[in-house]
Each structure stands twice: as C-alpha cells, then as structure tokens.
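Chemist: So the sequence lines, in the order shown, correspond to chains A and B.
Take the first sequence: its letters are residues 1 to 159, numbered as in the numbering used here.
Take the second sequence: its letters are residues 160 to 455, numbered as in the numbering used here.
To be clear, the hints were calculated from the coordinates, so they are not data collected in a lab.
Quick caveat, the model's predicted, so the values are computed rather than measured.
C-beta atoms are modelled at their ideal positions from N, C-alpha and C, and glycine is treated no differently.
Possibly wrong hints are sitting among the right ones.
Heads up, incomplete: computed chain B residues facing chain A, CB under 8 Å, no partners named [as the list claims (entries may be wrong)]:
no.	residue
1	Arg300
2	Asn388
3	Gly413
Chain A residues, not near chain B, derived (Cβ > 10 Å throughout) [as the list claims (entries may be wrong)]:
no.	residue
4	Ala37
5	Leu49
6	Lys57
7	Ala61
8	Asp72
9	Val75
10	Gln82
11	Gly112
12	Ala135
13	Gly148
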Amino acid sequence: MRKTLVVTLATVAISVAALAGADGHADPKQIEAAVKARQAHMQLYSFHLATLGGMAKGEIAYDAEAAGSAADALVSLVQLPQGGYWLPGSDNASIENTRALPAIWAADSKVGEAAGAMVEAAMAMQAAAGTDLAALQGAIGAVGEACGGCHKPYRASAN
Amino acid sequence: MRRIITRTLLAIIALIAIGLWVTRPQALAPGTLSGIEGDVARGEIIYAAMGCASCHMAPGSEDRLVLSGGKSFPSDFGTFYAPNISTDPDHGIGNWSDAEIASAVLKGTSPAGQHYYPAFPYASYGRAEVGDVVDLIAYLRTLPADQSPSRPHDVGFPFNIRASLGGWKLLFSGSDWVVTGTLTDDQIRGRMLVEGLGHCGECHTPRNALGGMDTAQWLAGAPIPGKDNERTPDIRAPSLDWSAPDIVAYLKTGLTPEFDSAGGEMVDVIANMKQLPDDDLNAIAAYLLIVGTDTP
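Pulled out of the complex, with its shape left as it was, chain A reads as follows:
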C-alpha cells in the first residue's frame, strides 16, 4: 500500500514536471480543448463528492456500496495523467475562460505536491467510505482540504 502510494505520487509529480518543462507553444485550439478537459475533470471530482459529501451531510442515506464506488471513482480520477491539460500558456493572465493562475507554471510551483496530497486524501477516503458513516464523515474534511490546498494558490476566485 505504502509502495503504491509512493509510486503514484511520483507519477503525479513527473507528469507535472514534464508539463512545466514543455515550453513549445500550443495553438489556441489545443489550449481551449485542454482548458475544457481540465474543467471537466474537476466537475467529475464534484460529481463523485456529491455522493460522499451528501452522505456526510446527512442529505443522502448512507450506503456502503454507493459510498465505496464513489470513492473508487475519485481515486481513479486523481490518478489519471493530467499533463495534457495543463499546457503552458493556458493561465488566466494569457487567455480568457480560465481561473488557472500563472503560479502553476512558475519555477517554484508546488502544484505537484498539491496533486500528491489530493491522491493521499482520496486514498484515505477510499479506505473509509465503505466502512461506516462515521468513518466517511471523518475522511471528508481531508478531501475538502486537499481540493482547497490546490485552489488556494492556483485558482483565482470568481469575479
């Protein structure tokens, strides 16, 4: 378990490092498609969290199976390679319709670490979700914190 986690974290880090190094400019169409894809990826996080968070809040009755599969989906999502979406030149100072901040691509960017923390929180949720409601409620805060840990430095607030 520990080993898989380390491998996964490394993969996330590498994919982010690779995109930070790629400085070939993508054309506007590619960029637009990449932005749409990453926003869709984020929407999928929200979709699965709606099941987990809804149960944690008591809005949906707890169901171990449904909770388990939502958490599995979240873990699959956070492990997908994302390098293709985060193209240099697709930040909110360069193009419209994105809230991604230039800091993602800065030399001292820690976006890989934020992505790694997301993987850990999703895995902790996977371990907890199917156990019982109390375990799920105990894990939801860390998931929200991992999302926020990346949104705080790397996503602009709306206007």
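For chain A, the structure is supplied; the task is to place chain B on it using the hints.
Modeler: This is chain B only, laid out in the frame that chain A set:
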C-alpha cells in the same frame, strides 16, 4: 492682511489640535482587565475564531502557531506587512502587558500610544468581549518565540502619519453592531462571530473611498485588494441561497453545496472555522441567514 493670515493660521492650527485631541489614540481604560483570569483552552478557540494566524504566520507557511509575520497586504494607501507577534521579547510581543495587547486588538492602539492601520482588523475586533481577549492572550503566551524582525510598511505621505488615522477610527471603528433588531440567542452569538471575532466583513464588504467598510452593502461581496478581476462572493442570505447545513458544511470542509471547493484566502478562514464547536458554526449560519433579509 498679515493679521488675517496669522489669525487664519492660528485657527487652522487650533482646529488640527482639537482634531488630534478628539481622535487621539485610546488605550483600554486602566483596570479594565483586573480580576479577569485568562483561560488557555478557551483562548485556543478564540484564536481560531479571530484568525490571527491567517495574517501573522509566515507567508506560505502551514504552521498556524508560529506568528513570525511578513505577509503583505496591498491597499490603495500602500503595502502593509504583518508584524511578528510571537512571544519573542525583542522581535515579537513577548514582553507586552496584557493591557497593551488588548488595547492593540480592541482599540487599534500601540503601547507607545499610536494608531494602528486598519489592515489590522480592529474595526471588527473592537466588538469582542474583553474576557474573550484575555483568554486569547493567555493562549498567545503559550506559542513559540520567533526571531524574524518585523518589516516596515511601504506607505507614502500622508498615510505614513499615524496620527491621520484618528479620524478614520472615529468614523469606521467602534463596538456598534451592523445587524440590529430582535435577534435569537443563536443569531446574537453568530453576530459576534461574524461581525466581531471572525471579521468576515473585512473581506466580504465593499469599502468606501476612505477605506471604511460600507455597512449599507454589508457582506455584499467586494473586490480583492491586489487581485484584478477577483471578488469575494456576496454572502447575504438571498444571494447566497444556501441552507444552514450548507453553510456549516462549507465552514468545516470548504465544500460548497455543488461540491466545488473553496479557494483563495477563504481556505485559511476554513482552516480556522473547522476548529470551532458545532454550536458556533450553527450560530454563524443562523446569523448569515438573516443578513440582507427583513427579518431582524
């Protein structure tokens, strides 16, 4: 002619002198704290509710207990830097008295009798109870010392003259409540947490030309200083349109009813809020649900 000029000058000087006297920095009245014993455990909760760490921990740090300062606050008047308020006796506030710290937090007045800039949100903290601040101070004294020197502010004339802040204070700080009327106990507790300790209005309320919170637009959302095209959201009940459980869940996890997650400085606020007892979070929700409605 000469006499008229002299007289006018004298009159102006007299007016300024009266103005400076009326707006002179006020410390807490002597004896205000006497007989009040600080409770460290309660102080820890007050510390979270008041969010001191969000501003006074080192920029980029995750350690909410090391108050070494350094975070910058851009404004229309210049850039302010949060000072070191750790227990270090030289670089922090380790050898300040309780009354000196309480006067800073509640009155915006320094031990040397100068006004603080309102980037330090005493305009909101002024609504806090003295007892809560004494608990807070007892807790602050348990935190580690840090030797980073405080960085001077970067503000130009006339704003670098602290005496000029007296008028501002007179206009925009004090202990009056924004939402008044017949409130339930829960709403009253929520008002203390939102208008006072949690200083939510400092970010969520637009400011007027003088930099004071425009209470007619209380919690209506505001531009974020130093960030073009970003605003804090309008969190008045009719605009927010969230239920009480939605608000509580957001303050605990950062997750919205759509299961998006909070970003920006709200992430720090949530790191603090989730340490509060459920009763307090319910109280915040009870209060927010009447802001912008006819209920109170």
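Chemist: Hint by hint, say whether it matches the structure.
Modeler: These are the hints, each one checked on the structure:
Violation of the interface hint for Arg300 (chain B) is found here, the shortest Cβ-Cβ separation to chain A being roughly 29 Å, above the 8 Å cut-off. For Asn388 (chain B), the interface hint holds, the least distance from its beta-carbon to any beta-carbon of chain A being 5 Å, beneath 8 Å. The beta carbon of Gly413 (chain B) is positioned within 8 Å of a beta carbon in chain A (closest approach about 4 Å), and the interface hint is therefore held. Against chain B, the non-interface label of Ala37 (chain A) holds: every CB pair exceeds 10 Å, the least being about 17 Å.
Distance to chain B contradicts Leu49 (chain A) as a non-interface residue, since its nearest Cβ pair spans about 4 Å, not more than 10 Å. The non-interface label for Lys57 (chain A) is inconsistent with chain B: the shortest C-beta to C-beta separation is roughly 5 Å, within 10 Å. Every CB of chain B lies more than 10 Å from the CB of Ala61 (chain A), the least distance being 15 Å, so the non-interface label holds. Against chain B, the non-interface label of Asp72 (chain A) holds: every CB pair exceeds 10 Å, the least being about 17 Å.
The beta carbon of Val75 (chain A) sits about 16 Å from the closest Cβ of chain B, which is more than 10 Å, so the claim that it is off the interface holds. For Gln82 (chain A), the requirement that its beta carbon stay farther than 10 Å from each beta carbon of chain B is met, with the minimum near 17 Å. Residue-level check passed: Gly112 (chain A) sits 16 Å from the nearest beta carbon of chain B, beyond 10 Å. Every CB of chain B is more than 10 Å from the CB of Ala135 (chain A) (nearest about 15 Å), matching its label as outside the interface.
Annotated as non-interface, Gly148 (chain A) brings its C-beta within 10 Å of a C-beta of chain B; the closest such distance is 4 Å.
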